[in-house]
Structure formats: structure tokens, C-alpha cells
Amino acid sequence: MISRTVRAAGTTAIAAIALAGCVSDVPAPVTSAPPLEASGALLDAQSARIIEETMAELGEADDARDTELMTDRVGGDVITIRRAEYTLAEADDGPAPTMLPAEMQAVYVSAAETWPRTMATVSVQPSDEDTPIVMLWVQESIDDDYQLREWAHMIPGATLPAMPGPSTGAGQLALDDSSITPTAQETIEQYVELLIAGEGSERDEEFAPDTYRERLFAARQTYVDAASEADGEYVETVEPDLEASYAMATADGGALVFAPLSIGSSFTVEDATVSIAEEDEPLLDGELDDTVTHTYRDFIVIHVPAEGADALPGVVAAEHNLIRVSDS
Amino acid sequence: MSLRTTALVAGVIGVLLLAAGLIADAQRPPRDVTPTAAVSTAVVAYEPEMIAFAADNRIGFSGEGEIVALTARPSDAQAWLSQHDATYVTGVPDWDTLATDVAEPEPSPSPSGSASPTPSPSDPEPSPSPSPSASAAPAEEVDLLAEGSQDHWRQDWRGTGRLSIVASDVPAGEVLVVVSRDSTPLTDVDLSLTRDVQDGWITPLIWWGAFLTVVGVIALILRFVDLRPAQAKGEKWIADRQRVGEDDDPSPGSRRARRAAGEHLPDASLVDEDERPAPSVESSPRRAASAAAASGASAASAPSAPSEDATDADTTDADTTDGEEGRS
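Here the protein sequences line up with chains A and B, keeping their order.
Note that our numbering numbers the first sequence so that position 298 is 298, with each residue one more than the last.
Note that our numbering numbers the second sequence so that position 41 is 41, with each residue one more than the last.
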């Protein structure tokens, strides 16, 4: 009996071994990840969805003239600027808020794997009188939506550099990234020096001409002349916001630098009451006496050419936005 | 060894082969297998290496509610996964199971600033009665996807209770993240694979075993059946067939009688000029044979065959007149 059992067990074991030998081994694991087909942070469909949702949210807020409706997709300076525009628009014959086209002619996405990261777009031309608008979206973290933070009309005649497509994405450069010369931070600071110093500055030779600073200098000269005539004082401050500044690498090794600026324009005439333009009165905070201060939130886009290129850094888009008028 | 013994041995071998073949067929390893793993988290991730390993096979996920599968760049997926309990499918150690690894959310990098002071003796004693609401409350359902941004998700598939995806539909290099939408844990994951099974020998084994078994059965049957009467009957029948024609006289007028009479032989008349006229001589063998038969002489005493030339000429004549006779 025992021998029969042993024989049966042996036969079964042999059959099991024979059958087990019939099955191939589990394939070896794949040890290296295949390369990404599109390494940019956003594919076309993703960026299109972001733009669509942003414009929908902005449109609802514009219709209601209510910045409280700007929640997920619109943030930063756009809320501040839009609030001022809504205030102006509510006045009689007030200007309508800046029209931001939903249709884009170019979308530049980041290749960054860290945050914050940006997406820039260039819209179609909104009207015959207006140039295309450069818009900047920022995603602060994986949990945050891309938010429209800034916009600026292109400088007439300016050309944006070639940028990497969504399949690769543009490098997200730190402001002190030395792969460009000058660095993004140096570029911003030097341009601010130029804005503060005015036309006669040595920095004027270091940047390509642009209508933004020309108009700024012209307005400043008007205020200075008026203050001089009234024996008053005019003080203008220009401060960069490096925390909200970003840089994206261009295809040729240069960079696009996105920099918000805060500009304060204070006009004082002692023993007098200053006045402001009628269209700015809705933004007045307080009661004017001998001092008036206009506060602007500007946004400039500077193209820093690649090292060795025969070109100067230059502003390719800029927006000058009055956001507040105060009596001090 | 006689033929019958050889057949019996072959039959025994055939039985063994047939049994082995049938057992092997019953135990044949399946070609299509589905390694499975139970999971206990609401999030399951397949990294690009595992997606590449799965190739054109289907990846399945089972749960109770809505299941959503999404893809993202590895950096984005990792950032999102680091905030959730997630099960990573890491390999296929054998054909039955999937290897998994559970990762817990990374601790927040910002330490809590509120240090809890050591309770002073004057602090009131904690209540000994436990709070019933702490543990009795059911787990709150949270929409894991609605918690944060979805901008980083590139593709998505949706299902209820069960979701399966062809791995090659996931773009190369991207991470597949599968989420139970209502945060209830998924129950299991599986991967359908087709493996190479070396079972081509089983079917021939069965056929050869069946053939040899039949041979053996026949030999066995013949061993127990006495064939000698049938054998004797057959031998007698053969002997009877051999005796036909040796002793019996053919029936008059039968074909055999006619053949014996030489009726089939050609009728040729030989005319010899030297012996002309001698018409009384029966030069024709047929007539001579008839005459001999009439006079009681045997057929064997018929004249010899005529010359070759004459035979040839008369054969043609015989064929045309009585083909059947000529051929016999």
C-alpha cells in the first residue's frame, strides 16, 4: 500500500515537473523608463482647456463686473487691474475693460518639473488699433490651477523670439540662471535703473528702443515741467516685483523675461489743491489736497537674446495700468 | 518474440502514453494568465517601466464606485502621488501574482509650530468618558480629483466597478494613476498576459497512445478468441479453389470445354502447292482438332501450330472475329 502511494506521488511529481517545464519564465522586468513622447508640461489639449476655462471665468467676471468671480483661473495682478477697469467702466462713458482674445496664435509651455511654472500665450490681434496681447499663466504647485496673472500688449513692431514647442517645452529659468547674460534678474534690475534714470542713463544704450519707456519718459517730463512751473515736486518710483517675475528659455538660448513693475507717480504742489483728469476720478481714494499719487501696476516682457547674438535686450510687450489714485 | 507478444507490449506502452497524454492535457497550463494583487488604497499607480512591461496587454482595476484612470508626466504624477496613499504595481514575480508596494504621503515639510505644553497639575483631569463621536463617524467620502488641480492630467479613462486599459494606449513615458473617485479603496488590480506554453507534445502523445492501445487491444482480443475453425475453413476453401479443373471434365458446351477443344485457337489454312490438290487433308488446326475430337482423339494430339507468318496473319483475323477467345 505504501509503495503504491509512493509510486503515485512520484508519478504525480514527475508529471507536475514535466508540465511546469512547459511554461516559459515570466518576462524580465523593464528597468528603464521609455522617454516621454512630449516632455513639455502641457500638451495642446491641456493648454487649450486652461485657456478656455480662464476665458470663461474672466468672461463671467467681466459680465458681472465682479472680481469676486475670479477664483481658480484668474489671479494675481489681473484681479487688481480688472478691479480698476471695472471701476472706470462703471462711470459714465467709462472705458470698457481691456478685451483679452480667447484665440491664441502661439502658446509657450514650460518644460519644468518643479513649481512654479508658467505658460505664455500670444493672442490674435484684438482689433485694428491694438497689437496682440502676451498673457502669462502661472501654476504655483501641483494642486493649483494655472492662473492668468498678467497681460501686456506687444510693442508695435516688436517680434517675439522663436520658442520651443509643446513637445519639448521651454526651460523654466531661475531669475539668477547664468545661462543667459545678463541674467533675468539683472535684466529686470538694469531696466528698472534705466526707467528711474531716464533717457540720459547709460543703461539706455544697453536696451533696444521701445515705446513703453518713451511714453513713460514723456509723461514724466510733462509732470516735471508742470511741477516746476507750479513750484511743486514730482517724484516717480519704479520697483520691480522679483517674486512675481519669471523667465522662460527661448529656442536660440536666450530668454523671455516676464516682470511686473510697481510705479508710483507723486505730484505735490504746496499751498495748492491738485486735480486729476476726469476719467481717473473713479479711482480716487480720498480727497485731493496738495498731493496726488498715481499708482500703476505695469507688466513688461523683455527678450534677452542668446549670448553672442548681435542684438540688445529689448521690451517686446508692455502694459501700463493705473490701479489707484490717492491723496497722499 | 512473436507478433502477438509485440503487439501486447505496444498496447501496454500505448496505455501509458495515452494516460500520460490525457493527464497532461487535463493539467495543461493555460496560455492566458492574469496575475492579480489585492489592494487597499484608493489610488494605484503604474510607472512607465511597468507600462512598458505590460505592452499590449490589458491592465485591470476593480473597485466599488467610479474609477478614473489618468496619465501624467512622471514629475507631475509623483508630486500628486506624494500627497496620497498609493499602491504602486512594481512587477510580476510569477504568473499568478503582481508585486505591489504601498507608499504613504510624504510628511509636510513645514513643522508644526504649536508645541503642546506639559499639562500642569492644576489642569483639569481629562474626562474618563470617551467621546462617542470620534470613532463612530463614518469615513467621509472625498473626491480625490476635485481636491486639487487637474491641469497636469493628460488622458483619462472612466469606468464603474471595473476599468481595464490596454497598456499601449498609455503614452510612452507617462505614469498611469488610477483613482477611486469617492476615495473608497480599490479592491484589486490585474494584468492579463499571454505566455508561451510548450505543450505541442501533448496531442501527438495522445494520438500515439491511442494507436498503440488499439493495437494492443486487438492483440489481446485475438489471444482469447480460438481462430482455428475459421482458419481451417479458410484453408479448405483455398484448397478447393486450387482443385478446380484438375480432375473434373468440363461440361459439354461450357466455355472450359470450348477452350479445351481449342476453339480459341486461330483458324489458318495452309496451302502447299506441291501437295495440291489434297483437299482431304485437314490443314486447319481447328478442323483437325474437331476431327480428332470426333474420332475420339484427345485435344493434346492436335497438330502443331502453323508457321509464325501465318499465325500472325490469322491472329489478326481471330481478333477481329472473336476477340474474347483470342485473349483467353
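If you're looking for bench data, these hints aren't it; they were derived computationally from the structure.
A hint or two may mislead.
To be verified - If you want the ones that stay clear, here's a sample from chain B, every Cβ over 12 Å from chain A, calculated:
1) 11
2) 33
3) 50
4) 107
5) 184
6) 197
7) 221
8) 228
9) 261
Said to hold, decoys possible - Quick list of the computed label-pair ranges, beta carbon to beta carbon:
10) B/105 with A/307: 57 to 67 Å
11) B/148 with A/157: 37 to 47 Å
12) B/158 with A/37: 48 to 58 Å
13) A/7 with B/9: 16 to 26 Å
14) B/143 with A/37: 23 to 33 Å
15) B/105 with A/7: 34 to 44 Å
16) A/28 with B/158: 26 to 36 Å
17) B/3 with A/28: 25 to 35 Å
18) A/277 with B/172: 55 to 65 Å
19) A/307 with B/172: 26 to 36 Å
20) B/105 with A/289: 22 to 32 Å
21) A/34 with B/9: 58 to 68 Å
Just so it is clear, CB atoms sit at the ideal spot from N, CA and C, and this is done for glycine as well.
Verification of the hints:
A cut-off of 12 Å between C-beta atoms confirms that residue 11 of chain B is not in contact with chain A; the least separation is 20 Å. Distance check for residue 33 of chain B against chain A: the nearest CB is about 9 Å away, which does not clear 12 Å, and the non-interface claim fails. Under the 12 Å C-beta cut-off, the non-interface status given to residue 50 of chain B relative to chain A is violated; the minimum distance is some 7 Å. No Cβ of chain A comes within 12 Å of the Cβ of residue 107 of chain B; the nearest lies about 16 Å off, and the non-interface call holds.
The beta carbon of residue 184 of chain B sits about 22 Å from the closest Cβ of chain A, which is more than 12 Å, so the claim that it is off the interface holds. With 12 Å as the threshold on Cβ separation, the claim that residue 197 of chain B sits away from chain A is violated: the shortest Cβ distance comes to roughly 6 Å. Chain A leaves residue 221 of chain B outside its interface by the beta-carbon criterion, the shortest separation being 28 Å against a cut-off of 12 Å. Every CB of chain A lies more than 12 Å from the CB of residue 228 of chain B, the least distance being 40 Å, so the non-interface label holds.
Residue-level check passed: residue 261 of chain B sits 78 Å from the nearest beta carbon of chain A, beyond 12 Å. Judged by the Cβ atoms, the range 57 to 67 Å given for residue 105 of chain B and residue 307 of chain A is violated: they are separated by roughly 43 Å. Residue 148 of chain B and residue 157 of chain A have their C-beta atoms about 42 Å apart, which keeps the hinted 37 to 47 Å range intact. For the pair residue 158 of chain B and residue 37 of chain A, the beta carbons lie near 23 Å from each other, so the given range of 48 to 58 Å is not met.
Taking 16 to 26 Å as the suggested C-beta distance range, the pair residue 7 of chain A and residue 9 of chain B conforms, at roughly 21 Å. Hint check: residue 143 of chain B to residue 37 of chain A, Cβ distance near 29 Å, so the stated range 23 to 33 Å holds. A beta carbon spacing of about 58 Å between residue 105 of chain B and residue 7 of chain A contradicts the range 34 to 44 Å that was offered as a hint. Against the hinted window of 26 to 36 Å, the Cβ-Cβ separation of residue 28 of chain A and residue 158 of chain B comes to about 33 Å, which satisfies the hint.
In this structure the supplied range 25 to 35 Å is violated for residue 3 of chain B paired with residue 28 of chain A, their Cβ-Cβ distance being about 55 Å. Here the CB-CB span from residue 277 of chain A to residue 172 of chain B is close to 59 Å, well matched to the stated 55 to 65 Å. The hinted window of 26 to 36 Å between residue 307 of chain A and residue 172 of chain B holds, with their beta carbons roughly 34 Å apart. At about 57 Å, the CB distance of residue 105 of chain B to residue 289 of chain A disagrees with the hint of 22 to 32 Å.
One distance hint, 58 to 68 Å for the beta-carbon pair residue 34 of chain A and residue 9 of chain B, holds here, with the actual separation near 60 Å.
Hint check: violations occur at hints 2, 3, 6, 10, 12, 15, 17, 20; the rest are consistent with the structure.
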